[in-house]
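Chain order of the listed sequences is F and S.
Position one of the first sequence corresponds to residue 0 (numbering that gives the first Met the number 0), numbered consecutively onward.
Position one of the second sequence corresponds to residue 0 (numbering that gives the first Met the number 0), numbered consecutively onward.
Keep in mind that the hints are not guaranteed to be accurate.
In this list, chains with the same sequence are indistinguishable; a pair is considered to hold if it fits within one copy or across any two.
[Stated by the list, open to error] The calculated SDA-like cross-link candidates involving lysine to any residue, where the alpha carbons are at most 25 Å apart (straight line), are:
| id | residue 1 | residue 2 |
| --- | --- | --- |
| 1 | K173 | R184 |
| 2 | K58 | I238 |
| 3 | K147 | T249 |
| 4 | K296 | E223 |
Worth flagging that the hints you see were computed from the coordinates, not collected in a lab.
Just so you know, these numbers come straight off a predicted model, no measurement behind them.
Protein chains: 2
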Amino acid sequence: MAGYKVAVVGATGAVGRTVVRVLREREFPISELRLFATSRSAGSTVQYGDVQVEVMEMKMGDIAGADFAFFCATGDVSKEFAPGLASSGTVVIDKSSFFRMSPSVPLVVPEVNRHQLAGQRGIVASPNCSTIQLVVAMKPIHEMSRIKRLVVSSYQSVSGTGLDAIEELISQSKTSLDGGIVSPRVYPRQIAFNVLPHIDSFDPSGYTGEEMKMVNETRKIFDEPGMRITATTVRVPVIHCHSEAVTVETEAPLDLDGVLDSLGSAAGVVLAREPGSYHTAVECSGRDEVFVSRVRKDLAFDNGISMWVVADNLRKGAATNAVQIAECLAGS
Amino acid sequence: MAGYKVAVVGATGAVGRTVVRVLREREFPISELRLFATSRSAGSTVQYGDVQVEVMEMKMGDIAGADFAFFCATGDVSKEFAPGLASSGTVVIDKSSFFRMSPSVPLVVPEVNRHQLAGQRGIVASPNCSTIQLVVAMKPIHEMSRIKRLVVSSYQSVSGTGLDAIEELISQSKTSLDGGIVSPRVYPRQIAFNVLPHIDSFDPSGYTGEEMKMVNETRKIFDEPGMRITATTVRVPVIHCHSEAVTVETEAPLDLDGVLDSLGSAAGVVLAREPGSYHTAVECSGRDEVFVSRVRKDLAFDNGISMWVVADNLRKGAATNAVQIAECLAGS
Chain F
0 MAGYKVAVVG ATGAVGRTVV RVLREREFPI SELRLFATSR SAGSTVQYGD VQVEVMEMKM
60 GDIAGADFAF FCATGDVSKE FAPGLASSGT VVIDKSSFFR MSPSVPLVVP EVNRHQLAGQ
120 RGIVASPNCS TIQLVVAMKP IHEMSRIKRL VVSSYQSVSG TGLDAIEELI SQSKTSLDGG
180 IVSPRVYPRQ IAFNVLPHID SFDPSGYTGE EMKMVNETRK IFDEPGMRIT ATTVRVPVIH
240 CHSEAVTVET EAPLDLDGVL DSLGSAAGVV LAREPGSYHT AVECSGRDEV FVSRVRKDLA
300 FDNGISMWVV ADNLRKGAAT NAVQIAECLA GS
Chain S
0 MAGYKVAVVG ATGAVGRTVV RVLREREFPI SELRLFATSR SAGSTVQYGD VQVEVMEMKM
60 GDIAGADFAF FCATGDVSKE FAPGLASSGT VVIDKSSFFR MSPSVPLVVP EVNRHQLAGQ
120 RGIVASPNCS TIQLVVAMKP IHEMSRIKRL VVSSYQSVSG TGLDAIEELI SQSKTSLDGG
180 IVSPRVYPRQ IAFNVLPHID SFDPSGYTGE EMKMVNETRK IFDEPGMRIT ATTVRVPVIH
240 CHSEAVTVET EAPLDLDGVL DSLGSAAGVV LAREPGSYHT AVECSGRDEV FVSRVRKDLA
300 FDNGISMWVV ADNLRKGAAT NAVQIAECLA GS
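Next comes chain F alone, as it looks inside the complex (with noise of 0.2 Å):
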């Protein structure tokens, strides 16, 4: 097989640059690589294995043609330009949030709903990075027995706001550490030695952009509009990998060595079995699986299951998800 012709929109940023060493990593048949992004970005290099790709700015005239166009760039930039690709037959792989509650396009975690693939051409999206390991990690639960509600905390690294994120979080530290005045530019406040509720911005019943893609996108995913998801989603100071602290209540009583055996043999799940072990962001840098550990007797529900969740947000959140939708696609 000779191969895809491949895009990647957003090629520089961090989203973008992972879905490039992902794409070889997990030797995705490419006969054609182009790489692009803003004006600004155009001409430098990105790395696909021995090799430095050329970023080119974005047209329209250049990516046409392609079989699979992966969007790492902003919901404005996916407006724009999917349409338009998808009709002309190239499938568009969309990592921003634009089309991800457009009825007619499937939102899928191939773990999870991978069947909503089926015949598809056009737009797919991928959900967001704190929605695709929770609903990985709930699927098993959900089979066992229909979640009537969810309450998630999570604990999200800078790297889920990009590399302008990752590079403040680290001069905040230095500077915080050499005792000097801390001025907040990405995020509106300190991020580093601190914790910040707050990611996205606040709507006027007072959840955030990245509360309500929990609550609207699982919702989809799972094909429940009825589930009861609650969420505070909060910006800590760690490079990669966000953890969430999860409660779910289900319809019927669940054994907790039957949950355990589910998560220890569902697609996609690492699990640390045993009370006491537990997986944290640092281990899980770089890892492709999403991590559940610390599963237990939830203690506020009689038919409640507590874990703690983690998964690395730029590879199973964002830039593995997307390419193994691609391989979804192009093996059926």
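Please build the complex by placing chain S on the supplied structure of chain F, with the hints as guidance.
Relative to the frame of chain F, chain S by itself:
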């Protein structure tokens, strides 16, 4: 009034030093101040206002006769010395966990259950840091409608572990920023640029001691043994102040404006009322109040409220609460 004879046991630790500072700041009437620690720390000094007070090795004979003794050492020290002191007339305010769940010992947060101090001498226990800020924020809600259920995720600073943990976070952060390899010593894993779902030891059910303290102490303080509470307590790379994401379900539906009014006028609470306004650990450091923000109707419960609660764990979470208990008893 001449003032009281006051002893502080464990005076060189993070909490003990803060008790001495808070006694001075709040002008607790003192005629004699004696500071105690292990033999290792004896001879060092702790600052009380402009005075350097020498620390003595802990000996029963030297504490006897104190009107108030603040125990800021381990549970073993409290177990050995507190009962004898209490029976000879000293009021022991115990910051260790040893007596907290004893039925004969009141567990007190003055804003919540100061009535349990009426006529009390002997031992009074001060709750765990993460419990104190939770119950101060929950008290006005519990008064509006009985709390059925609480789901708490914490973001706890390293100063809760002690001065050596602050040192570890700082040194690991420097090592990490310099590209070096981190060797954990105080914590079981790297704490710099990481979050650990592990505070205190694990029990066979999968909960940690810290989580069960939050469950059991909250029930005792509210005198609600059936209150359903679950917690995930997490250490974050923050120096001072614990933050908590709290979801509360009440028996009756609550009007959000009514909840905000109650919180806004509650003793010891500072409320950020507007959606989008919030407090973070860095700004609350050194403060004595409990900071409540992001108060919103919860999406997972019909009668639910979610919020973000921050307090300085060494002050309101430990030293200030202990000194407030002494103030209540001194005034009575």
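Hints, verified against the model:
In this homomeric assembly, K173 and R184 come within 25 Å of each other (Cα to Cα) both inside a single copy, at 15 Å, and across copies, at 22 Å. In the homo-oligomer, the alpha carbons of K58 and I238 never lie at most 25 Å apart, since the shortest distance is 32 Å inside one protomer and 48 Å across protomers. In this homomeric assembly, K147 and T249 come within 25 Å of each other (Cα to Cα) both inside a single copy, at 5 Å, and across copies, at 18 Å. For the identical chains of this complex, K296 and E223 are neighbours both inside a copy (24 Å) and across copies (21 Å), given an alpha-carbon limit of 25 Å.
Of the numbered hints given earlier, the model fails hint 2 alone.
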